[in-house]
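Engineer: This is what each chain is made of:
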Amino acid sequence: MDLVVAVLFQLVYGIANLALISLGLAIIFGMMRVINLAHGEFLMLGGYTVVVATNAGVNIWVAMLILAPLVVGIIGVIVERLLIRWLYGRMVDTLLATWGLSLLLIGLVTSIFGASTATTISPPLGIIRIGDYSASGYELFLVGVTIALFIAVYATLKLTKLGLVARGTMQNPEMSSALGVSTTRVYMITFGLGAAVTGLAGGLLAPVTGVLPTIGATYIAKAFITVISGGASILAGTASGSVLLGGINGIFSFLTGPTIGEVALLVAAILLLRLMPRGITGRFFRKSL
Amino acid sequence: MKLSRRHFVVGSSALALTAPATIGRAQSDAIKFVSILDLSGGLDIYGAPMAETTKLAIEDINAAGGLLGREVELTLYDAQSTIQFYTQYATQAAAGDKADTVHAGITSASREAIRPTLARFKTLYFYNVQYEGGVCDYNNFCTGSTPAQTVAKVVPYAMEKWGKKVYIVAADYNYGQITAQWMQRFVAENGGETLDVEFFPLDVTNFGPTINKIQTAKPDFVISALVGGAHVSFYRQYAAAGMMQDIPIASTTFGVGNEQKLISAEEGNGILASYGYFEGIDNPVNKAFLERLEAKLGADRPVMNELAIRSYEGAMLWAEAVKAAGTVDREPVIEALRSGLTYEGPSGAVTIDPHTNHCSMNVYIGDLQDQTWNIVESFADQPPADTALVCDLVANPDQSAFLFENGLEAAGIK
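Which chain is which? The protein sequence lines are A and B, in order. Reminder that position 173 of the first sequence reads as 173 in UniProt numbering, one-by-one numbering, no gaps. Reminder that position 323 of the second sequence reads as 323 in UniProt numbering, one-by-one numbering, no gaps.
Since the hints were derived computationally from the structure, they do not count as laboratory data. Note that beta-carbon positions come from the ideal geometry of N, C-alpha and C, so glycine has one too. One thing to keep in mind: the hints can contain errors.
Unchecked claim - Per label pair, the in silico range of CB-to-CB distance:
id, chain 1, residue 1, chain 2, residue 2, range
1, A, 111, B, 295, 20 to 26 Å
2, A, 260, B, 331, 47 to 53 Å
3, A, 93, B, 63, 51 to 57 Å
As the list claims (entries may be wrong) - Partial list, computed: chain B residues near chain A (C-beta under 8 Å):
id, residue
4, 172
5, 204
6, 206
7, 212
8, 216
9, 229
10, 236
11, 237
12, 262
13, 266
14, 267
Said to hold, decoys possible - Sample of chain A residues lacking proximity to chain B, with all beta carbon distances greater than 10 Å (derived):
id, residue
15, 1
16, 90
17, 147
18, 224
19, 275
Work the whole structure out from these sequences, hints included.
Structural biologist: Have a look at this one:
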């Protein structure tokens with residue numbers, strides 16, 4: 001019984017982890033059809049923000065929950081203004097430009113902080129006991145934050161004026177523009193928000209995985225597969241993609257080992273995209289956000 | 001000639017183009033030492049300190065008047081954690097730079113990518129990294145420790161301390177696979193039991209399911225051969241789940257990338273590891289070495305580990321052999337090395353074993369406390385017994401093989 005609870009908890013955590021690293025990418029991809037290959041590096045920058053801030057004596061919660069999204073969000077806005085906005089509608093060019101950006105960011109961070117940083121931040125919060133088993137309390141916290149983040153993004157899109165304008169721009173930019181909406185401003189804010197969510201995710205994961213200039217590479221493939229499998233809807237797509245792929249990965253990792261777990265995740269994604277080329281939300285939950 | 005702007009531009013760019021060639025010619029009598037290491041990408045946690053000590057070694061050699069009255073010139077290539085660059089730069093070093101010796105490679109995969117190239121071009125090759133053993137190559141000197149030197153020491157020590165039931169986690173490529181086989185062998189030899197063996201691709205960062213499995217299996221301790229930046233998260237997540245106190249960890253890789261500095265003191269306390277070098281070694285050579293390193297790089301210098309120290313000692317072994325041979329030509333230098341050459345370095349005496357082209361060396365067991373390794377036991381002059389089981393270059397020098405490539409079974413050991 002304890003084992004079942006412990007494994008289920010790990011499963012939920014695996015899913016939340018996937019959702020957390022993918023949400024920022026999904027916002028940018030879903031709203032703007034921009035594929036941000038520097039997504040992994042935005043996560044990495046969130047992590048470094050936390051490391052630098054805590055080393056400077058900032059409270060770790062402030063660093064993770066406020067500074068990381070703020071800093072990376074600002075970086076996102078700058079990147080959008082300098083780079084992305086010249087390339088809207090040119091998907092291949094955006095791919096190349098953001099890939100270049102990712103290499104640039106890795107190089108910059110390496111030259112500032114060195115190849116490896118001494119990240120001596122431990123996951124805060126204690127241990128939760130499940131009978132004979134134990135898990136990190138911080139992982140439970142991350143699951144909670146992921147849920148809260150989804151609710152917050154849902155509320156922003158559904159209930160605020162900004163969300164309404166953003167959804168309108170997403171559905172029909174010409175019409176929104178004709179109605180007096182500044183679409184370039186909407187794109188800038190959306191990209192900034194997507195980057196901020198990514199920075200938050202990177203900051204929250206810093207104590208769990210450690211921070212290296214190249215840590216982004218370990219996230220990027222999974223985030224992409226999740227977003228593409230999920231399809232166009234931002235929240236429903238990311239959530240369904242994470243549940244399916246994270247679930248399969250977790251179950252297979254526990255039953256066999258992590259190698260087969262990763263293979264199972266990829267096989268599931270390939271089969272899924274063969275059957276549903278537009279992702280899960282291309283077939284189901286079409287009207288959802 | 002009237003100096004127009006166009007002439008000036010053409011003339012000066014031609015000058016700029018020829019300038020490197022002139023410099024190259026002026027130094028052409030320098031001895032060429034090429035090093036290829038990963039200074040960026042996922043493996044740079046290992047490569048960066050190795051590059052620093054390689055530079056220091058060349059500086060020391062030149063400060064002592066060079067070799068044979070000639071200066072030694074270091075060329076350092078960054079392979080960027082990409083195998084393709086290793087082959088490219090190895091070819092460049094051997095055919096283009098006409099290197100007198102190449103010290104290169106971190107992962108076994110990178111070594112295997114360049115070893116045949118360097119053998120073909122008859123360029124003397126040093127691999128200065130602890131690895132799974134099994135290279136049997138007349139042209140290739142492997143100065144790092146191998147499982148019979150380290151795993152064979154840390155396994156019985158940990159079993160004595162913690163118990164007989166062992167759970168193995170390892171990186172999923174030839175180093176991890178083969179080292180895991182040696183671990184199982186040494187566990188069995190010491191009357192213990194291996195409960196499970198798990199392999200992880202190098203980019204895995206979520207170790208939750210594995211931690212559950214370890215909790216289910218209830219071993220007395222976990223022994224790890226995990227590799228690279230992403231795998232550091234295993235130790236963090238393991239500690240965060242409160243496992244460090246219940247089920248301790250011994251490792252054959254933790255520390256060579258200075259992982260002890262990547263996790264907090266509480267997370268790392270009590271981890272055991274075994275290598276050919278720890279900073280705490282109490283000998284005057286080591287103390288002087290660390291002082292000089294600190295003077296050169298400042299207080300935030302990288303912590304020295306076996307990989308970094310052996311890169312220094314590997315360069316010095318080669319330099320000693322050049323001095324003994326009186327030439328940099330490959331054959332006499334190899335013969336000098338294989339005559340049982342010894343170098344007294346920071347790790348103690350390192351002696352080339354002519355049967356395997358590996359080294360006999362001192363081996364230490366370290367216990368991690370507050371991010372510092374305390375040496376709890378040391379073993380003098382340990383031979384590379386694993387490779388010696390299958391390789392005899394004295395009987396047959398004409399070999400260039402990696403005998404454990406497909407596991408120990410293929411080598412007739414398992």
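Engineer: Of the numbered hints stated previously, which ones are contradicted by the structure, given in increasing order?
Structural biologist: none
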